[in-house]
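> Now for the letters of each chain:
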Amino acid sequence: MQKRAHGGNIYEVARRYNLAPENILDFSASISPLGVPEKVMAAVEAALTAVRYYPDPECTSFCEAAAAYHEVNRQNILPGNGAAEIIYLITHLVRPRRALIPIPTFSEYAYAVESIGAEVISPCFRQQGQRFVIHKEDFVQSIAGKDLVFICNPNNPTGTLWTRDELIEIVEVGRANHCTVVIDEAYLDLVENGPAYSMVERVRDYDNLLILKSLTKVYAIPGLRIGYALGPSRIIKAMTLLRDPWSVNVLAQEAGTAAFQESEYLSRLQELVQVERQYLYEELSKIAGLEPVYPTANFILFDTGPAGISAATLQNAMATRGILIRDCTSFRGMGGNHVRITVRTRVDNERFIQTARECLLALSAGGG
Amino acid sequence: MPPRQVILVRHGETDWNLAGRFQGHADPGLNAKGKSQAMGVAELLASEEVDVIFTSDLARAVETGRHIGAVHGVPLNMEPLLREISFGAWEGLTFRELQAEYPEVLKDWLQDPFTFRVPGGETAGELGERVLLAWDKILHESNSAQTVVIVAHAGPLRMLLCLLTGMDLSRQWEFLIRHGEPVFLIKSGSTYRIMDN
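Sequences listed follow chains A and B, in order. Heads up, the first sequence is in this note's numbering, so the first residue is 1 and it goes up one at a time. Heads up, the second sequence is in this note's numbering, so the first residue is 1001 and it goes up one at a time.
Calculated directly from the structure, the hints in this document are not laboratory data. Note that the structure is predicted; figures quoted are calculated from it, not measured. Be aware that one or more of the hints could be misleading.
Here are the simulated lysine to aspartate or glutamate pairs, DMTMM-like style, with alpha carbons at most 25 angstroms apart [claimed, not checked]:
no.	chain 1	residue 1	chain 2	residue 2
1	B	1107	A	22
2	A	39	A	56
3	A	286	B	1196
4	A	39	A	264
5	A	39	A	262
6	A	286	B	1181
7	A	237	A	114
8	B	1107	A	12
9	B	1187	B	1049
10	B	1137	B	1079
11	A	286	B	1168
12	B	1107	A	303
13	A	237	A	56
14	B	1033	A	291
15	A	286	B	1112
16	A	286	B	1174
17	B	1033	A	303
18	A	237	A	201
19	B	1035	B	1091
20	B	1035	B	1015
21	B	1107	B	1126
22	B	1137	B	1063
23	A	136	A	166
24	B	1107	A	350
25	B	1137	B	1049
26	A	136	A	119
27	A	136	A	172
28	A	136	A	108
29	B	1107	A	348
Here are some of the chain A residues that sit facing chain B, going by a computed Cβ distance under 8 angstroms [as the list claims (entries may be wrong)]:
no.	residue
30	288
31	317
32	357
33	360
34	365
35	366
Only some residues are given here: those of chain A computed to face chain B with a beta carbon under 7 angstroms [stated by the list, open to error]:
no.	residue
36	287
37	313
38	362
For each residue, glycine too, the CB sits at the ideal point set by N, CA and C.
Throw the hints in and build the complete structure from the sequences for me.
Encoded structure:
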């Protein structure tokens, strides 16, 4: 059976390297380093007594908060047990024969499509200097004959950004071809000038566009699972009928509702990410043998190939030193020499850089 | 007088490099790619007026140096002080094999690779002292030479780069010389300057 690898599995690493989970510095999952925001944590604590009741299957407060936040109707919002649940729901609703997914990207899109026995067509992003790019015209042309398209914007793990004009063209060509287009904006809040790339304000214009949003990464609540989709009421209603009515638990609903009031936390995080991703990019560029890809969100991809060291070896060496990084070999369309790290605070980032320098030096002397 | 120009060259690739085996003082020869890298660097240096060549006495360096020497008609000075750091009992093993066979020692080494001694091997500090002795010897034996070529390994070459440019050894991570790649250094005041080639 194929293992479904993702970042952030600190329990497995703690067991394997005999470390205490609290001593592991996790650079593998792209989660906010600022911790759970105060209002979110307070909402979770206040909701604890409500765990004796079933959660509200409609997620009324949460959906109203999301609708108000994005200035759309309540009927355009679907809550989910993380955005991952919605990836499976839309796939089961559309039941595509063939889906278009540019790779390397978040693995769950392809897993969902394959889980219903459909075919995945995957054009590749190619590295060009410090960026991963895709031939956009060829991509648009390849929409014909597909029923479902998944686009991650910015793309995880390459950081590739799709402009709104490009996305509008994709959605319009999709509409002409009876193809549903899913745009995952999980990391878009952390992109500089992110709203300019978002399709949220165009969500009313199309009947084949679904936008995914995640609260997990920005508000540091991956253990709670909460995400949502914005889309036409027809699709939202149909997915509501498919979904487990209690998939979003009481604590997640309350945390998610509170998260929409955390604009100050979000600004603080955006500022930190902008400064620190530049710091990490510049410091990684200085390490001989490592080649970082230009970052756009709160993660950076880098190539270990020039150092003659595989991503797996660097991951192992760093884990021994208590730092968890993401070997990207498990991303389809990615070779064995790419590592993804998340952007953390300056103290953590400095520790990462120092450890990476030392591990690289030691390992490359081994090949001397 | 110290030489006006120093050209550092890392040996070509070996099958052990390709397999990710720790080499240290173990002595595999160049593979086909390594031979072509050695010929390539010799060709690249053909237009230089090379006066003297020093190589580590390990086969991968000697073989690389021989191609350069043949072009210039210059004999090789084989220098054991220019060898790679010794990895003792680890030589011939891959990182994965080390994880299986020496998990605790590997962990200690990764915690502090610069002062920790691999069983039967050298510390990075000892390598640094050896490289310093090698440079003194090269200076002594290459008097009046204008251009000196030094063929060696990743570890000692990185230390030489720091030593010659006056940089602290803690900044070694800024350098990585690829297999068969030359680095040109020009005398500039009391130290050397890296030339962009």
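> A separate judgement is required for each hint: does it hold in the structure or not?
Consistency of the hints with the structure:
Of the supplied pair hints, the one linking residue 1107(B) and residue 22(A) holds, its CA atoms being roughly 19 angstroms apart against a limit of 25 angstroms. Note on residue 39(A) and residue 56(A): the hinted pairing holds, with a Cα-Cα distance of about 20 angstroms set against a maximum of 25 angstroms. Restraint check for residue 286(A) and residue 1196(B): the C-alpha separation of about 16 angstroms stays at or below 25 angstroms, so the hint holds. A threshold of 25 angstroms between alpha carbons decides the hint, and for residue 39(A) with residue 264(A) the separation of about 11 angstroms falls inside it, so the pair holds.
Of the supplied pair hints, the one linking residue 39(A) and residue 262(A) holds, its CA atoms being roughly 7 angstroms apart against a limit of 25 angstroms. Taken as a hint, the residue 286(A) and residue 1181(B) pair is honoured in the structure, with Cα atoms around 19 angstroms apart against an allowance of 25 angstroms. Under the criterion of a C-alpha separation no larger than 25 angstroms, the hint pairing residue 237(A) with residue 114(A) is consistent with the structure, at around 24 angstroms. Distance check on the hinted pair: residue 1107(B) and residue 12(A) sit about 17 angstroms apart at the alpha-carbon level, within 25 angstroms; holds.
Proposed proximity of residue 1187(B) and residue 1049(B) is supported: the alpha carbons are some 16 angstroms apart, at most 25 angstroms. A threshold of 25 angstroms between alpha carbons decides the hint, and for residue 1137(B) with residue 1079(B) the separation of about 9 angstroms falls inside it, so the pair holds. Of the pairs offered as hints, the one joining residue 286(A) and residue 1168(B) holds, with about 15 angstroms between alpha carbons and a cut-off of 25 angstroms not exceeded. For the suggested pair residue 1107(B) and residue 303(A), the alpha carbons sit about 24 angstroms apart, so the restraint of at most 25 angstroms is met.
Under the criterion of a C-alpha separation no larger than 25 angstroms, the hint pairing residue 237(A) with residue 56(A) is consistent with the structure, at around 17 angstroms. A threshold of 25 angstroms between alpha carbons decides the hint, and for residue 1033(B) with residue 291(A) the separation of about 23 angstroms falls inside it, so the pair holds. At most 25 angstroms may separate the alpha-carbon atoms for a hinted pair to count; residue 286(A) and residue 1112(B) meet this at roughly 21 angstroms. Our distance criterion of 25 angstroms between C-alpha atoms is met by residue 286(A) and residue 1174(B), whose separation comes to about 6 angstroms.
Annotation: proposed proximity of residue 1033(B) to residue 303(A) holds, straight-line Cα distance about 22 angstroms (limit 25 angstroms). Using a Cα cut-off of 25 angstroms, the hinted pair residue 237(A) and residue 201(A) holds, with the two alpha carbons roughly 20 angstroms apart. Under the criterion of a C-alpha separation no larger than 25 angstroms, the hint pairing residue 1035(B) with residue 1091(B) is consistent with the structure, at around 22 angstroms. Distance hint between residue 1035(B) and residue 1015(B) is fulfilled; the C-alpha atoms sit about 11 angstroms from each other, no more than 25 angstroms.
With a CA separation close to 21 angstroms, the supplied pair residue 1107(B) and residue 1126(B) stays within the 25 angstroms bound. Between residue 1137(B) and residue 1063(B) the alpha-carbon distance is near 22 angstroms, which keeps this suggested pair within the 25 angstroms criterion. A distance of roughly 8 angstroms separates the Cα atoms of residue 136(A) and residue 166(A); the hinted pair therefore holds under the 25 angstroms criterion. Between residue 1107(B) and residue 350(A), the direct Cα distance comes to roughly 21 angstroms. Compliance with the 25 angstroms bound is thereby established for this hinted pair.
Distance restraint check for residue 1137(B) and residue 1049(B): the Cα-Cα separation of roughly 21 angstroms lies within the 25 angstroms cut-off, and the hinted pair is therefore satisfied. For the suggested pair residue 136(A) and residue 119(A), the alpha carbons sit about 21 angstroms apart, so the restraint of at most 25 angstroms is met. Restraint check: the Cα-Cα separation between residue 136(A) and residue 172(A) comes to about 14 angstroms, which is no more than 25 angstroms; the hinted pair holds. Our distance criterion of 25 angstroms between C-alpha atoms is met by residue 136(A) and residue 108(A), whose separation comes to about 23 angstroms.
The straight-line distance between the Cα atoms of residue 1107(B) and residue 348(A) is roughly 21 angstroms, inside the 25 angstroms bound, and the hint therefore holds. A distance limit of 8 angstroms between C-beta atoms decides the matter here; for residue 288(A) the minimum to chain B is near 3 angstroms, and the interface restraint holds. With a least beta-carbon distance of about 5 angstroms to chain B, the hint placing residue 317(A) at the interface is held under the 8 angstroms criterion. With a cut of 8 angstroms, the hint placing residue 357(A) at the interface with chain B holds, because the nearest CB-to-CB distance is about 4 angstroms.
The restraint placing residue 360(A) at the interface with chain B holds, with a minimum CB-CB distance near 6 angstroms, inside the 8 angstroms limit. The beta carbon of residue 365(A) is positioned within 8 angstroms of a beta carbon in chain B (closest approach about 4 angstroms), and the interface hint is therefore held. Checking residue 366(A) against chain B by beta carbon gives a least distance of about 4 angstroms; that is within 8 angstroms, so the hint holds. Of the supplied interface hints, the one on residue 287(A) holds, with its beta-carbon coming within about 5 angstroms of a beta-carbon of chain B, less than 7 angstroms.
Taking 7 angstroms as the C-beta cut-off, the interface hint given for residue 313(A) holds, the closest approach to chain B being about 5 angstroms. For residue 362(A), the interface hint holds, since its Cβ comes within 7 angstroms of a Cβ in chain B; the closest pair sits about 4 angstroms apart.
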